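S.K.: Chain A is already provided as a structure; the job is to place chains B and C with the ligands on it using the hints.
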Amino acid sequence: MRAHRACLAIIVAILVLGAGSAAAKHRPNNEVVMGGAISQTGQYAEPAGRQVNSIKLWVDEVNARGGLLGHKVVARLLDDKSDTQTAIKLYEKLITEDKVDLLLAPYSSGITEAVANVNERYKMPFVAYGAASSPIWEKNRKYIFNIVAVAEDYQKGAVHLAKQIGVKTIAIIGQDSLFPRQAGKGAKEWAKKLGINVVLEENYPPKQTDFTALLQKIKAAGAEGLISNSYFADAAAQLRQMRELNVNFKLYSSTVGPGLPNFPEQLGNTAEYVLGFSQWEPLPQILKHPGMKEYIEAYEKRFNEKPNYHAGGAYGSLLVTEAAIKKAGSFDNEKLREALATLDITTTFGRYKVDAKGMNSHEGLTFQILRGQRKVVWPDKFAETKAELPMPEWSKR
Amino acid sequence: MGPVTAADIALDIRDLRKAFGGVRAVDGCTLAFPRGKISGLIGPNGSGKTTTFNLLTGVAMPDSGQIFYKGEDLAGMKPYQVFRRGITRTFQVTRVFREMTVLENMLCVTALNVSERVARARAYELIDFVSLTRLRGEYAGRLSYGQQKLLEFARALMTDPEVILLDEPAAGVNRTLLQDLLAHIHGLQERGKTIVIVEHDMNVIMNHCARIFVMDYGVKIAEGPPAEIQKDERVIEAYFGRRRG
Amino acid sequence: MEKSDVRSLYLLAAFLVCAYSLPFLIGIQFGTVRADEQWFAYLATVVFAGILQGGVYAMFAVGLTLIFGVMRIINAAHGEMVMMGAYLTWVAFFYLGVDPLLALVFTLPIAFLLGVALQKVLLNAVVGQPELTALLVTFGLGLTMIYVAELIFTTDFRTIPYAPQTVQVTRTIAVGQNKLISFVMAVSISAAVYLFLKFSRLGKAIRATALNAEVAMVCGINVQRIYLVTTGIAVALAVAGGALVSIQFGFNPETGVVYTLQAFAIVILGGRGHYVGALIGGLMLAVLENLVSLMIPNGTAAVELAAYGLMIFVLLIRPGGLMGVKEA
Ligand SMILES: Nc1ncnc2c1ncn2[C@@H]1O[C@H](COP(=O)(O)OP(=O)(O)O)[C@@H](O)[C@H]1O
Ligand SMILES: [Mg+2]
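Each protein sequence line maps, in turn, to chains A, B and C.
Read in order, the letters of the first sequence correspond to residues 1 to 397 in this note's numbering.
Read in order, the letters of the second sequence correspond to residues 1001 to 1245 in this note's numbering.
Read in order, the letters of the third sequence correspond to residues 2001 to 2328 in this note's numbering.
The shape of chain A in the complex, shown without the other chains:
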């Protein structure tokens, strides 16, 4: 219904105003429209869906607080079907046809990288809660702002933990796509800094299901720890096959898979002792960010689950955007851009303050799956418990 109303509002606005710039104050019902294309179907639908949850929650909350600069916020969310070309077209459409007032970010680094060219051209800024790939900010773009920790730091904690338990050799593997490759690059640099020897680096095709040969190769190379830049299916397959083949490592860390709520559930005790990365966890007593408790409660009440880091990042980004608009005192793109570039604020997600490139230095968390629960084990200041490493051998479980 809401989407229909928004649609109608846009059509009416276009009819009344013709092709002129649709500033918020001209819209009927005193509305501002925030538009974005987020994957609601396709491979990214799951993490992106949790971001959509946070967007809906924030929209209702901000309207209850009196809206943005007194305007009622209406979200216009389109589905890019997890497809880059679709996303590009939809953003073109949102900007030129629908003439939305503000942009919401898409999900995934690859899609964000492509969409960044579109919003840059139309000079409409947004906070990229769905992208953790640093090259996006290495192209002198002025209208895209980073909030989450970048891929290069996803394995930072795991490599540090490897060092702590005396691992001397690691293998770094990952899916052959932008984000995992960046994560791998970062892991390698951290290993170098800490004096750990990387004995094997290998990428595999995105749809790879059988890792038997790769695991044997890793063993043959003499790796003690395995750093895997992987999503759900590949991480799950690697772990299962490690168990089936009785291949043991002192440490196994995956970038994305273990962070998904159903990972321990689907894998049972094969997921135990696995390390994963989280941008954020719903742990107000440990992270102590302002407003966390209220956000988590509201989210849980509405969606019957605790928010994960995807949800948390999107929510934090919207709070940042809200603060920036207040600071700018206008919906004007240039004023908003200026505000986003200079703002220094701590939200439910943590601190936001970007450097000259537009990058935030968000600190991520490394967790371990212990007895079916994700427990933060690194960095020490946020650790809920001590990491249980090295992983026990399969035959001893």
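Source of the hints: derived by calculation from the structure; they are not laboratory data.
This one's a predicted model, so the numbers in the text were calculated from it and none came from an experiment.
For glycine and all other residues, C-beta sits at the position ideal for the given N, C-alpha and C.
One or more of the hints may lead you astray.
Going by beta-carbon spacing under 10 Å, a handful of chain A positions derived as facing chain C [stated by the list, open to error]:
#, residue
1, 49
2, 173
3, 176
4, 208
5, 217
6, 221
7, 234
8, 245
9, 260
10, 270
Reference listing, derived: stretches of chain C covered by chain B, where coverage requires no fewer than 3 residues with Cβ under 8 Å from a Cβ of chain B [to be verified]:
#, region
11, 2220-2230
12, 2263-2275
M.R.: Same frame as chain A, now just chains B and C with the ligands:
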């Protein structure tokens, strides 16, 4: 033309029509094949003989007309339905499974409601009969053209059919085999089967058929015993006056 | 056998020797191949795992080749049918508590009936149409199945933690229990289908229809019924494949595409409509993938390249595939 009564007719074809685009291959053809006899169906190339067989056996759908067999109209039935009513055929251009052995080709006739053992026994018997015994295990694709015709003929007999339609059985079959084949056709006829032969070899037609039907331009132009047909002017004109390729 | 045929066989043999020794040569060059006992154990494990995997691949291919052989329909939704089988098994396991293999007892008849219905409602309309028409229709079917699965199950990955233990085949070769079970199941099911096609009367009628539907018709075979049975069996095979996938790998509504492509590659490699070819093609593909992955530096990223390279070269040498006979 001798009179033919209804009880003596195996296949009663009335005003059958079939056009392919603008070509009226069968154009209001009425034929009555006598029961328990060997009939010949002749005519110049392209006169519609093969198409008639196709319409009779469900391989092609008639545009209009009826085909009465045992009081039932076969027009528009599926090939397997016609087949199961006891009407089988061979093709002008042989249709055998080239990638199957001679024996497998025979056993592909799965419609018969007999045990595997009986089916095998019959297949062996028929293969012997058409003198393909030595080639039983050979792939049908490797047989000579004449041998394929014999195989097809043997296969058409697997179900012990009532009516057998043979489209140019003599073409490509050597003299000795042909004599055997004809002897067997007579044997079938003596057992009360109805046989229709399309053939260009006039010796075969004139010496072995009880009754001859002549088609031209998709219609029957003459009908009668061989001696009469040989003298029929329309037939001579159709064949020699304006022969078509 | 014709002379050119013999020549192509020699050429093929020579090519295969090269293709399979290439990973070793590259491995020696880069020092990933070692001559110690431990390394041979890795190699043996990888080859053995490839064979197991190949058996499962082959089963996917059999279902695909069956429909293609009989109806000349390229079933682009085959992988989605595999995915459907995986979900059926998953539901039986998580909601009804049924053992994934036992679940086949009722998922297979359901799959067969679904196949029959599919043939009646959709595929009968495209039999005899140009191959592209059927391809588009089944492609559309596949997409529909993906969307329906997403609606019901979401895009979350699922997997069944079934038989995760290690089986020590020899002192040096270890393999997952589920992999071994899957292989045995895949090979038995494929063999059962093969024997059914070879010896039963209905099976013969199916083969006859595949070889030449026109001839089958005049042999008294009810070709329409054969089409129904064929699609029924093919869907049942896909669903059985799905059960085997579900106990080994993670899957979501979109994973079917991979299995379609794999099955295609094997069918083309082995020779269209050829069942033994599918088995050999499946084994060859899986073993080569594993060798490339084991020995070539960053070779895992190149397994697809190796797989399609193998396929293309085999086709260049023998256009009908490994077992294909030249059309007369
Ligand atoms: N399937 C077909 N499509 C188009 N034309 C056909 C087809 N079958 C037969 N014809 C045409 O119908 C006519 C009769 O052919 P046919 O029955 O084969 O003659 P016959 O067997 O007496 O030589 C010919 O002109 C032939 O070209
Ligand atoms: Mg003819």
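S.K.: So which of the earlier hints does this model not fit?
M.R.: 12
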